[in-house]
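For the protein sequence lines, the chains are A and B, in the order given. Letter 294 of the first sequence, counting from 1, is numbered 294 in the numbering used here, and no numbers are missing. Letter 19 of the second sequence, counting from 1, is numbered 438 in the numbering used here, and no numbers are missing.
No false leads were mixed into what you were given.
Over 10 Å on every C-beta distance to chain A, these chain B residues come out as not near it, computed from the model:
(1) R669
(2) L790
(3) T795
What the simulated footprint calls covered on chain A by chain B, stretch by stretch (three residues with Cβ under 8 Å from a Cβ of chain B suffice, anywhere in the stretch; the number is not a length):
(4) 265 to 275
(5) 279 to 290
(6) 304 to 312
For the record, the hints were derived by calculation from the structure and aren't laboratory data. The model shown is predicted, which means the values in this text are computed figures rather than measured ones. By construction, the Cβ of each residue, glycine as well, lies at the ideal position given by its N, Cα and C atoms.
There are 2 protein chains.
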Amino acid sequence: MRVLLVGAGGVGSAVVRIAARRDFLDHMVVADYDPARAEAAVAAVGDAEGRDARFSAVRIDAADREAVRQVLVDERCDVLLNATDPRFVMPLFHAAGDAGVTYLDMAMSLSVPHQAQPHEMCGTKLGDEQFAHAEEWERAGRLALVGMGVEPGLSDVFARYAADHLFDTIDEIGVRDGADLTVDGYDFAPSFSIWTTIEECLNPPVVWDAERGWHTTAPFSEPEVFDFPEGIGPVECVNVEHEEVLLIPRWITARRVTFKYGLGQDFIDKLRTLHALGLDSTRPVTVPSDRGPALVSPRDVVAAVLPDPAGLGDRMHGKTCAGTWVTGSKGGRPREVYLYHVVDNDWSMREYGTQAVVWQTAVNPVVALELLAAGTWSGAGVLGPEAFDPRPFLGLLTDYGSPWAIREQGRGQEPIGKA
Amino acid sequence: MRVLLVGAGGVGSAVVRIAARRDFLDHMVVADYDPARAEAAVAAVGDAEGRDARFSAVRIDAADREAVRQVLVDERCDVLLNATDPRFVMPLFHAAGDAGVTYLDMAMSLSVPHQAQPHEMCGTKLGDEQFAHAEEWERAGRLALVGMGVEPGLSDVFARYAADHLFDTIDEIGVRDGADLTVDGYDFAPSFSIWTTIEECLNPPVVWDAERGWHTTAPFSEPEVFDFPEGIGPVECVNVEHEEVLLIPRWITARRVTFKYGLGQDFIDKLRTLHALGLDSTRPVTVPSDRGPALVSPRDVVAAVLPDPAGLGDRMHGKTCAGTWVTGSKGGRPREVYLYHVVDNDWSMREYGTQAVVWQTAVNPVVALELLAAGTWSGAGVLGPEAFDPRPFLGLLTDYGSPWAIREQGRGQEPIGKA
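Modelling step: build the complete structure from the supplied sequences, incorporating the hints.
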């Protein structure tokens, strides 16, 4: 398999490190707007003798559909793996379509709030732009595997596993994400891209239920305290706009699908302030610069003043947990489980030199690539992770040294064993 | 008198409007980095027949000392009035010195926190850079009248009036600033330059007392609720770095001098968040722009996303109060007074088309210019407003249609009449 990886930021660089330890890859072209980042990601793998010849670096402008198509053709790639921020989903998705290759991403095309009732109704939903092309992709027999990170991604695989193996009927599927990470020397240091975090958290959260279908609420709605496993403990979670809510109901029958993020009150307050001041905006404003008056996006400035989360791993401590909480019934009796995956930052730093949140995002598309390379997973159209058999994915994730677990909630909330 | 006014922002434009109604001015050259702003300030005055010929507009770079000196010479100015933000104090102060003209400003040269103990000791204090040149100015027989806005400015005049006429001995002089302004359609809209507000509020506040001299505290220290007059009511005030604390003790004997600003908890929280995120910083960061990667100051971006306070007057409601609270004794009995000046936004908008906070800042340097033109005030050196006789100033302020008042605090906190 020959892969074009677009984006050599934190997640892209971790994809390279993880993929380098597996055999399925013939070649991976690592592409970034900043050629130094692409070079650094490639230079980080390989033995003492030199680089791993399976990896090479190129400069690319992810917004330039035709240029990306040309690289895919020149490099004879089978797959484009998108590890950029969600602004570049559509040009990369189309470039893969143009070149006739498989497309994977970890976040979907952006939403646009409903004009009149943003906190009640959906406008353009996450992924709508991509799903609008589903028939084309299906007719052409090509696969776009969308939302294939950890959340969305592994969380959707968990949902499918629960539906296939743990439940007869499902009431609610609630993705729940929480962590106890701290960063030495920083009062405030987000552990994931602040650009994406702002996008997720300040857009109206989307909820799905069988009666109303998809609808929205006000940001930070329906707070609940969720007790995360493996010592993380209780964290305040709120509704956040996330792809799982748009993906899961397309393939799995449930009465309700939600996503809640364990942001904590301090983080919520800071995001609210950024929003109140207009600093979350991507609409450019004119400011003085060393190049004269320049148009800049306030959100890019917020990202620039905060430390790069990918570079904070050696100051971070704690664990991050991604998981899917499912309620329903099995064999006529009520059941409640939380399927989850925890990464300890000390472990991911020691093993891969990559911080926990970034590593947890990056491992899942590599597992998916390996399943596609082997032909274990295959399909055509625009498909979410829950469209595939979850068992080989979960098995391979454990083979990667990062097992998942099930907590049977009815039994005192203890994990019943690693899978 | 011929004046070079540098800065045609909110305060500069209001200076033009106020000065245009008085006779003392022979000519005022209105200068700004943006020639359109200078033109607009000049175009706003004059009768139906055309412009007021006493005003003209030029472009100027306030950071370019030599260029400013040249304009002062070419235009045969007697005075430079600085209405820019405090970054430009030193080049303008020196340009006036070079040209041998009188210098006025409304904010003084910037402070630098103490390296090791920023919340206990002063580093470079507000105005230190200017006072370092006091002897030169004095020897040359030239006047730099510094801190001649409302606070510092009128507040210092009040302090001098209290010392001369209301007290035998003074315990504390506490400048207290509060407002009940709201802005229709905005959750958050500062009523004064956010650049300056951040500078004032996030620097360690300075306090003076007879034992320790000048020293600092942590930002937002010593909160107190002060009951402001004329219906504004109680507002939470905290210590803020301000020029009065540096100026008053140089000319007036008191046991303690403080400045507290009625920020309110919401505003304090927002400033704390800006600081926690590093968005208050003036240290440039690299961000994408329409001109390619550009170096911009995060604080400039904060200012650019917020509405321009000078343009909000027609959406604003309420009053702003600046004043000086003095405790001590007179005739062997304890006394406590609050000398204050309130501007109602409806009044300043109706009379001048200028919002209250900006108008209140701008009127005071115009009064001072008129006193200097008449020879009523004169002096040599770097002098604060408290170095002059306060009575003609306070009389003229009332002539401008904007009276001040004294509240005798011992008598149930009622104003005892306009002066």
